[in-house]
Every structure is written in C-alpha cells, then in structure tokens.
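Undergrad: As a plain string of letters, each chain reads:
There are 2 protein chains.
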Amino acid sequence: MTTRQDCAALDAADPLAALRDAFLLPDDVIYLDGNSLGVLPKSVPARLDHVIRHEWGTDLIRSWNTAGWIDLPHRIGNKIARLVGAGDDELVVGDSTSVNLYKVLSAAAMLVRADGGASSRRVILSERSNFPTDLYIADSVAKAHGFELQLIEADEIGTRLDDERVAILMLTHVNYRSGRMHDMAAISRAAHCAGALVVWDLCHSAGAVPVNLCPSRAGEDAGADADFAVGCGYKYLNGGPGAPAFAWAHPRHTARMDREQWRQPLSGWLGHAAPFAFTPDYQPAAGIARFVCGTPPVLAMAALECGVDVFAQADAFGGMAALRAKSLALTSLFIELVEARCAGFGLELATPRTHELRGSQVSFARADGAYAVMQALIGRHVIGDFRAGDPSAPVPSPDLLRFGFAPLYTRFVDVWDAADHLRAVLESGEWREARFAARSAVT
Amino acid sequence: MTTRQDCAALDAADPLAALRDAFLLPDDVIYLDGNSLGVLPKSVPARLDHVIRHEWGTDLIRSWNTAGWIDLPHRIGNKIARLVGAGDDELVVGDSTSVNLYKVLSAAAMLVRADGGASSRRVILSERSNFPTDLYIADSVAKAHGFELQLIEADEIGTRLDDERVAILMLTHVNYRSGRMHDMAAISRAAHCAGALVVWDLCHSAGAVPVNLCPSRAGEDAGADADFAVGCGYKYLNGGPGAPAFAWAHPRHTARMDREQWRQPLSGWLGHAAPFAFTPDYQPAAGIARFVCGTPPVLAMAALECGVDVFAQADAFGGMAALRAKSLALTSLFIELVEARCAGFGLELATPRTHELRGSQVSFARADGAYAVMQALIGRHVIGDFRAGDPSAPVPSPDLLRFGFAPLYTRFVDVWDAADHLRAVLESGEWREARFAARSAVT
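Chains as they are written, first to last, in my numbering: chain A, 1 to 443; chain B, 1 to 443.
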C-alpha cells in the first residue's frame with residue numbers, strides 16, 4: 001500500500017517538480033480544479049503591472065506598435081500551436097471558446113455546403129455529454145445552415161458515422177465530466193473515411209495531454225489530420241479567469257478559403273487583409289488570420305501568454321510527453337488511493353482505467369450527497385468540483401465528484417492528502433452537516 | 001484672441017478638473033487620442049493586483065461566487081446603462097464590439113423576418129463612412145439572412161428611409177472620422193415611421209456625449225426609443241486596450257424574445273437560463289441576459305469597471321451634462337485656436353461647427369502629408385491620430401488629422417499647447433523630415 005512517505009519520495013524524484021515554482025499557490029489549499037480554472041503563474045503580477053502602467057498608462061496608443069499588441073493573437077497562437085501539434089501561423093487567440101466554435105463550425109458548414117451540391121449531408125453529430133456550450137453553439141450553427149444537430153453516446157460514434165447524412169463530427173477530446181479521452185487520430189480518420197469533417201474541442205486537452213492536430217513540419221508523424229479545433233486558455237494553460245480562447249483550422253481549409261475568398265461569419269476588422277486601410281468592403285486576411293475578429297483584449301492576452309510560457313520551461317524536462325507521464329501517474333495514484341481508502345463509501349470510478357482513454361482528471365460517481373461531499377472537502381481546503389448528473393438522459397448520468405490533476409504544479413503528496421481528506425469526510429459523515437448542502441450560484 | 005493664461009484660468013475655474021486626478025497620465029504627453037484608447041484610471045493597478053493575487057491566485061475557482069465574477073457582465077452593464085440612458089438589466093458587457101454587433105444585428109434580422117412574412121424588407125442601410133467593422137459584420141449578417149447591405153452618405157438617410165425595402169438602419173452615433181454626431185432621437189423616430197428598426201453603435205458616444213437610448217424609468221424623457229445598441233469599453237470609458245464591449249436591446253424586443261423563446265446566434269452557455277444545470281438543450285436566459293455568450297474575461301472586466309466607476313465621481317459635478325458642456329468648450333476652443341494660429345497651412349475643418357452635430361473630437365483634413373504631420377506632432381508628444389481618406393469613394397474623403405477631447409481628463413491648456421505644437425510643426429516644415437513619413441503597422 002502506498003504511503004504518504006512514498007508520495008513524498010515520488011515528488012523528490014520528480015524532475016518536473018521544479019515547475020511548481022513557476023506558480024503562486026495558496027499554502028493552505030490542495031487545488032484539484034485546474035481543469036476548471038488554472039492557477040496563477042508567478043510572472044503574471046509583474047507582467048500585468050508592466051502592461052498596465054507602462055504599455056497602457058505611459059505609451060498609450062503607441063503600444064499597438066511598440067509593444068506588439070497587434071501581433072498578440074498570432075504570437076500567443078504560435079506558442080499554443082506547439083502544445084497541440086499545429087504548425088506556425090495556423091492558430092489564433094482571441095474571443096471565447098463559444099465564439100471560436102461558432103467561427104470554425106460555420107466554416108465547416110460552408111465547406112460542406114460548397115462541396116455537397118445536392119448532397120443530403122446535413123447532420124452535425126456530437127455527444128450528448130459534450131460540454132453544453134458546444135451543443136448550444138452547434139445547434140445555432142445547424143439552424144443557420146439548414147443542418148440538424150444529433151446527439152449520441154460515445155460508443156455510438158463508429159456506427160453512426162456510417163450514416164451518409166453526417167456532415168460534421170464535433171467532439172470534445174477529453175470529456176469534461178468523465179475525463180474520458182477520445183483517440184483523436186482514429187476518430188478523425190474514421191470521420192474522413194465516412195466523408196465527414198471533424199471539429200475538436202481541446203478545452204480539457206491543451207496543456208494537459210499531448211495533442212497532434214496536424215504537424216505541418218515535414219518528417220513528423222502525420223498527427224490526427226483534424227479539420228478544425230478550438231480550446232480555452234483558462235484551464236490547463238493557466239491564462240486566468242475567462243482567458244481568451246483559440247481557433248485552429250487545417251491549412252488545406254484556410255488555403256481554400258484564400259482561393260475562394262471565403263470569410264467566417266464573425267468578419268471583424270482585425271480579420272481583414274488590411275485592417276488599417278479602413279475600406280468599407282471586407283477582404284479576409286490570408287490563412288488563419290481571417291479567424292481573428294475584433295480588437296484583442298490586451299490585459300487578458302498578456303496573462304494568458306504568461307501561462308503559456310511556462311510550458312517552454314517544461315521543455316527542458318521532456319515537455320508534453322513528460323507532463324503526460326506525470327499526469328497519468330497522478331491520476332492512477334488517486335484512483336488507487338481512493339479505491340483502497342474510501343472503499344465502502346459509495347464512490348464509483350467514472351473515469352477510464354485505461355491510460356489511452358484517460359485525460360488529466362478523475363471523476364467518482366456517488367448516488368447520495370455528492371454535492372455536499374465536495375463542499376465538505378472544499379471546507380477542508382481540498383478543491384475539486386461537483387458536476388450534477390442527468391437522471392432523465394437517455395443514458396442517465398450520475399452526480400460526480402471531479403478532480404483535475406494539472407501535472408505542472410500538482411504533487412504526489414497532494415494526491416495522498418486529497419484522498420485522505422476524502423476518506424475523512426466520508427468516514428466522519430461531516431458532509432451531512434446542513435452548511436454543506438446549500439448550493440452556491442456557481443457549482 | 002485666447003491666450004494660454006486664459007486657458008489656465010479656464011482650468012482653474014473648471015469643477016471637473018479634479019477628475020483628472022482619477023487617472024495616471026504621463027507627464028510629458030498631451031494625449032488627444034482617448035477616442036482610440038482611453039487613459040489609465042488610477043485605481044486599475046491596485047484593483048488588478050487584487051483580482052490577480054487574491055481573487056485568482058488565492059481564492060481561485062471560489063471567486064466565481066465569492067468575488068461575484070459570474071455577475072460581472074450584468075454589474076458593469078448596469079453601470080454603463082446609466083451612461084447611455086438605458087434601464088437596469090437592459091445592458092450586458094462582454095466580447096468585442098464586432099461580436100456584439102453580430103448578436104444584435106442578427107436579432108434585428110430575426111425580428112424583421114418573423115414580422116415580415118412575404119415582406120420585401122431585406123435591406124440593411126448604413127453609412128459608407130461608418131467604422132469598417134460595422135460594415136463587415138453587417139454584410140455578414142445580411143448574407144446569412146438573405147438581406148443586402150446598402151451604403152449611403154449621411155445626408156441621404158432621410159430620403160432613403162422611404163425605400164420600403166429598408167429593414168434595419170445601422171448607424172454609428174458619432175462618426176469615427178469626422179466626429180459628426182447624428183440626432184439619435186430624430187433618426188430613430190424617422191426609422192420607426194418608415195417601418196425600419198434602428199441599431200446604434202455608441203463606440204464614440206458612451207462616456208463622451210449624453211445618450212438617451214430608452215429610459216425605462218417612468219416620468220423621464222422618452223429618449224431615443226432605439227431598438228438595439230452596442231459600444232466599446234476602451235475609448236471614452238477608459239477600460240483598457242481591447243476592453244470588453246457592451247450590447248443593449250430595447251425591453252420590448254427582449255420581452256418578445258422571452259415570449260417566443262428566441263435566441264441570438266451566439267448562444268453560449270452563460271446566456272443560458274440555467275448555465276450550471278449543464279443541460280444539452282439551450283434555453284435562453286430571460287431579457288438581455290441571453291446576449292451574454294461565453295465565460296467573461298475577468299481581468300479585462302475588472303479594468304473596465306475601474307474606468308466606468310470614474311463616471312460615478314463625475315456625478316457630483318453634474319455628470320454627463322457637465323462633461324458634455326466641457327467637451328464642447330474643449331473642441332470649440334481647439335477649432336478656434338487651430339483656425340486662428342494655423343491659418344494658411346492647408347488645414348480644413350472636417351468636424352461640424354454646430355454643437356448638436358459634434359461629438360467629442362475634432363478632425364482637420366489636409367491634402368498633403370497629413371500622416372507625416374501627425375507623426376511630427378507625436379514626435380513632440382502631442383498624440384492624436386491619422387485616418388487615411390478614400391479618394392475612390394463615391395464621395396471622396398480626405399486624409400484626416402484626428403484629435404479626441406475626453407472631458408474627464410483633458411485640460412484647456414492641453415488644447416492650447418496642442419494647437420501651438422501643430423502650428424510649430426507646420427510653420428517649421430519639420431513634418432517633411434523623412435523619419436515622419438515611414439508608416440507604422442498600426443496607423
């Protein structure tokens with residue numbers, strides 16, 4: 001049986017442990033919610049103070065040139081591209097995940113319509129358990145283009161792709177509830193074989209698990225050959241609350257959009273070929289730049305860049321591959337400890353045991369009082385979160401205790417301590433106290 | 001003739017002068033570009049440091065509840081609503097101006113289509129000299145709904161409204177080039193009489209001139225009775241570079257959207273009636289809340305709130321009415337001084353002399369070397385900006401020197417000194433130096 005000393009030894013032997021120093025973490029908290037909001041990079045306060053006082057306050061409007069504000073969507077985009085297996089100038093940062101999904105799904109629908117002619121491919125296929133905003137946006141795009149959004153379970157994807165009406169498969173790589181991870185390459189290949197485009201949401205992947213969208217550099221693995229992707233900046237990228245998101249399109253699609261002068265619908269001025277010509281007619285910028293829309297939120301972009309830059313430090317220790325190995329070690333340890341130490345308390349693992357199917361989080365289902373259990377755990381400064389189940393779904397889903405393990409800053413002793421507190425909460429029955437039952441606005 | 005001493009006396013007698021202390025301004029700069037990027041409120045560095053270190057760094061995910069992050073779009077929205085004559089819970093903050101314009105124009109187009117039946121109203125009418133992003137987004141919305149965007153000159157609005165095909169009139173209240181201000185109430189009335197909806201862009205109005213969209217409080221002036229509006233946070237509201245923008249809809253439209261369960265197309269999860277229920281089906285939140293889309297950018301929102309809060313300080317000195325009076329005094333003085341002191345140097349006033357037609361900026365046309373003249377002026381630390389003309393437009397427009405006069409922090413001596421430097425630049429011919437001709441990326 002693993003002991004706390006064993007965990008401390010793992011930390012002592014962990015070459016990635018030094019990366020924890022890149023963050024300002026509260027001393028009294030075990031933070032296992034980096035899959036909802038990442039922690040604060042140590043470089044942010046000084047960077048933001050500089051951006052605020054010097055770039056904004058002193059240099060003012062000149063900073064669009066002198067501080068390179070105008071390049072932020074591309075400069076940070078290129079840094080994130082390296083984390084998700086995309087090439088240079090293939091990925092841009094700005095707007096929210098929802099807005100970026102609207103852009104790329106709209107572009108995908110345009111491609112389908114342009115190619116389809118009288119084709120009957122008019123279905124956007126996704127998972128019922130996808131993050132809701134993806135489904136809301138997909139439904140909106142479907143309505144706008146005369147498509148239909150159809151929701152299925154994960155294990156139906158293969159068979160449902162045989163339906164010749166499926167135009168676009170839209171999936172989140174790592175499920176926000178279960179932490180189940182799709183095989184991006186295999187599913188993308190299957191979608192293409194079936195004649196469908198594939199759009200990936202990387203919100204729970206970027207910075208957490210290796211992603212290989214489509215390396216454009218010769219000689220590398222061909223990657224997933226995806227069509228479009230989006231992802232968020234405020235989870236594993238540690239970009240701050242509500243940090244800007246990103247959008248990626250395969251170069252074959254942006255090249256075609258170039259040739260045929262297509263726009264995406266959110267054709268704001270900074271996606272124009274010559275924004276400062278101020279011409280009344282929209283001419284989309286070349287390549288991925290047409291997916292930029294309005295003026296970039298400079299303060300939020302600066303914080304995100306600090307978060308993304310930490311990953312460059314991780315390169316010295318093996319980069320995403322090393323982070324992935326640590327992530328799996330952390331999640332495997334948590335599963336082992338909770339199942340051993342909390343046995344008999346009604347927890348049921350909701351995350352795949354198979355490494356290839358697991359993201360960087362662990363969820364446990366519990367039929368009774370899962371919300372209160374998590375509140376009691378938070379009362380002990382062990383911060384995970386609760387996700388309500390849906391008993392009325394075609395496949396009813398349970399209430400979940402959700403724990404994220406960000407390998408940049410989570411220690412093995414944190415895993416041990418969190419499991420220990422969880423056992424204490426369940427064993428003592430303290431979660432039954434009335435104060436833990438009251439719901440907050442944000443759960 | 002006004003002297004610099006006269007200007008100093010005006011400053012000494014100006015009750016609003018104290019508001020300048022609410023900002024951190026560089027000592028060596030005369031900043032007349034607040035209509036492009038507002039200055040830094042003194043409260044921002046400490047507020048952002050608190051949000052970063054305490055709310056994000058220490059309280060982490062709990063701040064969605066404890067720091068009220070989830071309410072930011074509404075809380076700041078209600079503060080901006082007071083500045084533009086909107087009621088409580090009628091205005092929300094988030095996303096860029098371009099994205100918000102897409103939301104409200106799409107909603108307007110849906111209304112037209114729902115009401116029109118077989119109607120032939122399928123034209124969105126706007127000004128050729130409108131800010132380009134407005135035209136780009138309107139063109140995109142027009143294409144999506146089978147509408148057509150038609151561009152006209154300002155003086156054609158009245159006659160062109162007689163065209164029964166006009167469905168939506170989309171105007172920017174204060175023109176970004178000339179500073180010409182429309183009569184919002186008269187034009188809104190004319191549009192409604194003609195059977196069209198009216199969408200206002202308040203980017204150069206909010207915080208600069210009184211706006212009275214539609215007071216919902218009984219007993220007040222009925223206001224402009226506009227249909228929809230958007231505006232930006234980083235100009236006269238001093239919310240920081242790329243600050244979030246806002247969207248407003250008349251309550252009669254959001255009430256109808258409630259009754260008929262309509263969404264706007266960017267139906268992200270935070271515009272859902274119950275975002276934390278995580279249901280797969282989108283149910284729009286009631287009222288204006290459906291115009292919220294993704295997760296709010298908390299750092300950027302916090303800075304914007306600092307900027308907006310300065311206006312509450314201005315209330316003690318007469319609020320927007322007093323700010324408007326000062327703005328007109330500043331712009332009138334600049335026109336007087338430049339016309340008197342720079343006579344014979346080829347400057348031609350491009351901003352209306354009539355107060356009712358003037359926003360809070362002054363533009364001068366110059367046929368020769370306007371870009372270099374502005375660069376030379378910036379070399380002397382007098383910061384305005386240059387806007388290129390369009391010689392190929394149906395009504396050719398000239399190159400402009402553009403000067404914004406934000407009444408919260410601009411002094412009468414600044415006006416005098418700016419005019420003095422402009423005279424010196426022109427008289428000395430220093431603008432002809434090669435270094436002033438080289439274009440920057442952002443002009």
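Worth flagging that the hints you see were computed from the coordinates, not collected in a lab. A couple of the hints might just be wrong.
To be verified - In silico BS3-like cross-links for lysine-lysine, where the CA-CA straight-line distance does not exceed 25 angstroms:
| # | chain 1 | residue 1 | chain 2 | residue 2 |
| --- | --- | --- | --- | --- |
| 1 | A | K79 | A | K42 |
| 2 | B | K143 | A | K143 |
| 3 | A | K42 | B | K79 |
| 4 | B | K79 | B | K42 |
All of these numbers come straight from a predicted model, not from anything done at the bench.
Undergrad: Please name the hints from earlier in the document that this structure breaks, with their numbers sorted from lowest to highest.
TA: Number 3 only.
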